Amino acid sequence: DVKVTQSSRYLVKRTGEKVFLECVQDMDHENMFWYRQDPGLGLRLIYFSYDVKMKEKGDIPEGYSVSREKKERFSLILESASTNQTSMYLCASSSYRDRGNEQYFGPGTRLTVT
Amino acid sequence: KQEVTQIPAALSVPEGENLVLNCSFTDSAIYNLQWFRQDPGKGLTSLLLIQSSQREQTSGRLNASLDKSSGRSTLYIAASQPGDSATYLCAVTNYGGATNKLIFGTGTLLAVQP
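Each protein sequence line maps, in turn, to chains A and H.
With this note's numbering applied, the first sequence corresponds to residues 1 to 114, in that order.
With this note's numbering applied, the second sequence corresponds to residues 1 to 114, in that order.
In short, the hints are calculated from the structure, not lab data.
This one's a predicted model, so the numbers in the text were calculated from it and none came from an experiment.
We put the CB at the ideal spot given by N, CA and C, even for glycine.
Residues of chain H placed beyond 10 angstroms of chain A at every Cβ, according to the derived structure:
#: 1; residue: Ile-7
#: 2; residue: Ala-10
#: 3; residue: Leu-11
#: 4; residue: Ser-12
#: 5; residue: Glu-15
#: 6; residue: Gly-16
#: 7; residue: Glu-17
#: 8; residue: Asn-18
#: 9; residue: Leu-19
#: 10; residue: Glu-56
#: 11; residue: Arg-72
#: 12; residue: Thr-74
#: 13; residue: Tyr-76
#: 14; residue: Gln-81
#: 15; residue: Asp-84
#: 16; residue: Ala-86
Computed footprint of chain A on chain H; a stretch qualifies when at least three of its residues, placed anywhere within it, have a C-beta under 8 angstroms from a C-beta of chain A:
#: 17; stretch: 20–34
#: 18; stretch: 37–44
#: 19; stretch: 102–108
EDC-like cross-link-like pairs, simulated, lysine to aspartate or glutamate; straight-line CA separation at most 16 angstroms:
#: 20; chain 1: H; residue 1: Lys-1; chain 2: A; residue 2: Asp-59
#: 21; chain 1: H; residue 1: Lys-68; chain 2: H; residue 2: Asp-27
#: 22; chain 1: H; residue 1: Lys-42; chain 2: A; residue 2: Asp-38
#: 23; chain 1: A; residue 1: Lys-70; chain 2: A; residue 2: Asp-51
#: 24; chain 1: A; residue 1: Lys-71; chain 2: A; residue 2: Asp-51
#: 25; chain 1: A; residue 1: Lys-18; chain 2: A; residue 2: Glu-62
Let the sequences and hints guide you as you build the complete structure.
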């Protein structure tokens, strides 16, 4: 079974702090994604990566950066956290080798910025 | 721009009833369509994936159909159970691009009453 893990289930940070959210997958997937989920807005793509050290902006990249130094790990960085970044953050991975390029999701990190 | 809509936003049914959840999309040039389940405060669990060349997929009591020409998909749940209570999300990936980004609907919140 594909397993996608995220470093924290719940996180509370203060405004202006630098925040790291970590995601690890164990299936040698090429593609990794970061989404945020907000009531009424659904899931929106922040950044994605299709290979080590490669990244592309999604629909809402402002205020975020990412890092992918190893194939299995994809980090989301909030350089200076703000209250409007309070949200549920979901990581996903997929592979071109899999049927239909199916995406698999982690359990999510509920981030609160105070 | 691809837009995905799910109707109804919420649905309450008695246990044992068969039900249908609807998903529509504006651009028929899709690569695949996925149905997910999300329990409160949790990540997404992939239920079914239908590739663009397929008309339906089945898993246990779940059956998903796809009609690309009309831009519609349905998720049929047979003999519903209280454990089916969750939010159901559909998402499409468009042709083009290396990573097949998912575009999500805002979900249907299902409550199955015992």
